[in-house]
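Residue numbers (numbering that gives the first Met the number 0), protein chains in the order written: chain A, 0 to 487; chain F, 0 to 111.
Please keep in mind that the hints were generated in silico from the structure rather than gathered at the bench.
Some hints here could point you the wrong way.
To be verified - Label pairs and their computed distance ranges (CB to CB): (1) A/G356 with F/L101: 38 to 48 Å; (2) A/V29 with F/L88: 18 to 28 Å; (3) F/V13 with A/A63: 27 to 37 Å; (4) F/L92 with A/S38: 43 to 53 Å; (5) A/L406 with F/W17: 15 to 25 Å; (6) A/F68 with F/V13: 46 to 56 Å; (7) F/S38 with A/L481: 43 to 53 Å.
Idealized CB from N, CA, C, for every residue including glycine.
Listed below, chain by chain, are the residues.
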Amino acid sequence: MPASFAPSAADLLRYAPETVLTVAGTLLMVLDPLFAKKSPKLFGHLSIAAFLVAIVAAFQANGAQGLAFSNLLIVDGFATYFRVLVLIIGIVTVLLSYRYLDREQAETGEYHALLLFSVSGQCLMVASNDLMMVFIGLEISSIATYILAGYLRDDKRNNEAALKYFLLGSFATAFMLYGVALIYGATGTTKLDEIRAALLTRGADAWFPMVGIAAALMFVGLAFKVSAAPFQVWAPDVYQGAPAPVSVFMATAPKAAAFAIFLRIFTTAFNQIAGGWEPLVWISALLSMTIGNFAALTQTNLKRMLAYSSIAHAGYVLVALASHSDDGTAGAMFYLAAYALMNLGAFAVVIHISGKGEKHVRIEDLAGLARRQPVTAALLTVFLLSLIGVPLTGGFFGKFYIFRAALQSNLVWLAVLGLLNSAVAAYYYLRLLVVMYMHEPGDVVENLEPLTPGLRAALILPAIGIFYLGVAPGAVLSFAKLSSSFVR
Amino acid sequence: MAEAMQSINLQAGVPISWYLVLSAVLFSLGVAGFLFRKSIITVFMCIELMLNAVNLSFVAFANQHKQVSGHIFTFFVMVVAAAEAAVGLAIILTVFKNRETLNIDEINSLKN
Numbered sequence: 000m001p002a003s004f005a006p007s008a009a010d011l012l013r014y015a016p017e018t019v020l021t022v023a024g025t026l027l028m029v030l031d032p033l034f035a036k037k038s039p040k041l042f043g044h045l046s047i048a049a050f051l052v053a054i055v056a057a058f059q060a061n062g063a064q065g066l067a068f069s070n071l072l073i074v075d076g077f078a079t080y081f082r083v084l085v086l087i088i089g090i091v092t093v094l095l096s097y098r099y100l101d102r103e104q105a106e107t108g109e110y111h112a113l114l115l116f117s118v119s120g121q122c123l124m125v126a127s128n129d130l131m132m133v134f135i136g137l138e139i140s141s142i143a144t145y146i147l148a149g150y151l152r153d154d155k156r157n158n159e160a161a162l163k164y165f166l167l168g169s170f171a172t173a174f175m176l177y178g179v180a181l182i183y184g185a186t187g188t189t190k191l192d193e194i195r196a197a198l199l200t201r202g203a204d205a206w207f208p209m210v211g212i213a214a215a216l217m218f219v220g221l222a223f224k225v226s227a228a229p230f231q232v233w234a235p236d237v238y239q240g241a242p243a244p245v246s247v248f249m250a251t252a253p254k255a256a257a258f259a260i261f262l263r264i265f266t267t268a269f270n271q272i273a274g275g276w277e278p279l280v281w282i283s284a285l286l287s288m289t290i291g292n293f294a295a296l297t298q299t300n301l302k303r304m305l306a307y308s309s310i311a312h313a314g315y316v317l318v319a320l321a322s323h324s325d326d327g328t329a330g331a332m333f334y335l336a337a338y339a340l341m342n343l344g345a346f347a348v349v350i351h352i353s354g355k356g357e358k359h360v361r362i363e364d365l366a367g368l369a370r371r372q373p374v375t376a377a378l379l380t381v382f383l384l385s386l387i388g389v390p391l392t393g394g395f396f397g398k399f400y401i402f403r404a405a406l407q408s409n410l411v412w413l414a415v416l417g418l419l420n421s422a423v424a425a426y427y428y429l430r431l432l433v434v435m436y437m438h439e440p441g442d443v444v445e446n447l448e449p450l451t452p453g454l455r456a457a458l459i460l461p462a463i464g465i466f467y468l469g470v471a472p473g474a475v476l477s478f479a480k481l482s483s484s485f486v487r
Numbered sequence: 000m001a002e003a004m005q006s007i008n009l010q011a012g013v014p015i016s017w018y019l020v021l022s023a024v025l026f027s028l029g030v031a032g033f034l035f036r037k038s039i040i041t042v043f044m045c046i047e048l049m050l051n052a053v054n055l056s057f058v059a060f061a062n063q064h065k066q067v068s069g070h071i072f073t074f075f076v077m078v079v080a081a082a083e084a085a086v087g088l089a090i091i092l093t094v095f096k097n098r099e100t101l102n103i104d105e106i107n108s109l110k111n
């Protein structure tokens, strides 16, 4: 086969978002020595601009759907949905970071460059049609995030978070990769569509037990990445120790991308052996919800509590995966968007009150916030109600679609246990509301600075998004439904 | 190309299953070391061992399928492992600088 190595114009267009982000990240590193002293905020502005251009590029790429670079990449509605989602998360993360980096007097150039690289890896991941591309995207995203998790080099908590994230992240990657090797050995290909075709024509039993072991290994690797039980132990430590803007970034963007590829691999390539992996996902979903919610009940540290809550939310998304239907996929996509917005908003408040060196991250530090800064408190209330899943918020429709999909797939018990779990979760979210509204203001709230413009934007944008998803979910949901047909 | 592949045909002498078993043993040793060793550097080396076990599987399978792609994957894995090592060693250095210990059990300040 005479291979042409020159990419076609369509290939380049389909790969445009990653190109934009990588070029912008490199540019930031070149500009870093010139502007680091004079205008540290410039790098944030530039990366927001890059993210916006990349969103436009992602929509342009969506106009030319199809395979690119000898079928290594695939641009479809599914890829576009997650590309735009991680790019939006990137923008809000930059908005959150202005105040944080300023307060910690950290260097801004490298931070924003790493953020751009990480998001470019996630964009690549969600648009992969090849397990090796998944691996490379995953690593581009992870390696940049390892550095971000330990960004404040002299902070012991940052060091520890980076170390734990790095060790367990690479451990998980090795599992994933071993699964890729076995699949390659069994089917002779790493392309998702070809694996699917091979399993369809010859049946998975032809390679028993290799394909099953490969799927199990990839399940372990991906479950680590999305912090699903029983592979969730790293998440509370890492989210607690990392800089708060990085914690929320880790809890949203890499997680959304990992879930995207989880859905794509298991519903396309491994569709034939669904009977094997569905029980695994079922158990993992239940464990994640239960462990996450019950552990969150006893937490006193806000970041740690939100970490456990993110484990529980990973469980809800796994319920959608276990239901293994178009509605389930669409529900997972919708839920991940709502989840990202509400987590970003909640963490924005944490960053606002935490103070220099993140001294004030206990739940009591929120005491009396409603008396001194009613608007901030009201916005946090919106995010918490959405995390609970109260109607009129995005969280409600997310949970509704997921549990409806579970019921349609006859997973009655999983849906019932999931709903009971949501009731438990309501307790620890409502406790924050009680502290905020009923308690007398403490020292932390009395000495609180007013909201900076960046944080204000980082609070208002997710709040608008949550109301949009909660009041008019139709547009996003119909796009998700349409896209879910690409992965089945 | 085909002749070159033929001349290094592993299957002529050693069946592929031996390579796969060796790879699985190496991978398991890496996992065991990751779980039970105390020094961060050793734990990190165990991860590298796991990646190299995967590489062995890739080349063995590539040879079995008579494809080049499996060989190329090992280069991808090596490049990524090198990047990971650069970042990982830098992280380990900062940890050592701030705590003066590399015992994994003493790095446990994050709790409720």
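Cross-check of the supplied hints:
1. A/G356 with F/L101: 38 to 48 Å: Since A/G356 and F/L101 have Cβ atoms about 25 Å apart, the given range 38 to 48 Å is violated.
2. A/V29 with F/L88: 18 to 28 Å: Roughly 25 Å apart at Cβ, these two residues keep to the hinted range, so it holds.
3. F/V13 with A/A63: 27 to 37 Å: 48 Å, violated
4. F/L92 with A/S38: 43 to 53 Å: For F/L92 and A/S38 the Cβ distance comes to about 31 Å; the hint is violated.
5. A/L406 with F/W17: 15 to 25 Å: 50 Å, violated
6. A/F68 with F/V13: 46 to 56 Å: Because 36 Å falls outside the window, the suggested range is violated.
7. F/S38 with A/L481: 43 to 53 Å: Given range 43 to 53 Å: holds, Cβ gap about 52 Å.
Of the numbered hints stated above, those contradicted by the structure are hints 1, 3, 4, 5 and 6, listed in ascending order.
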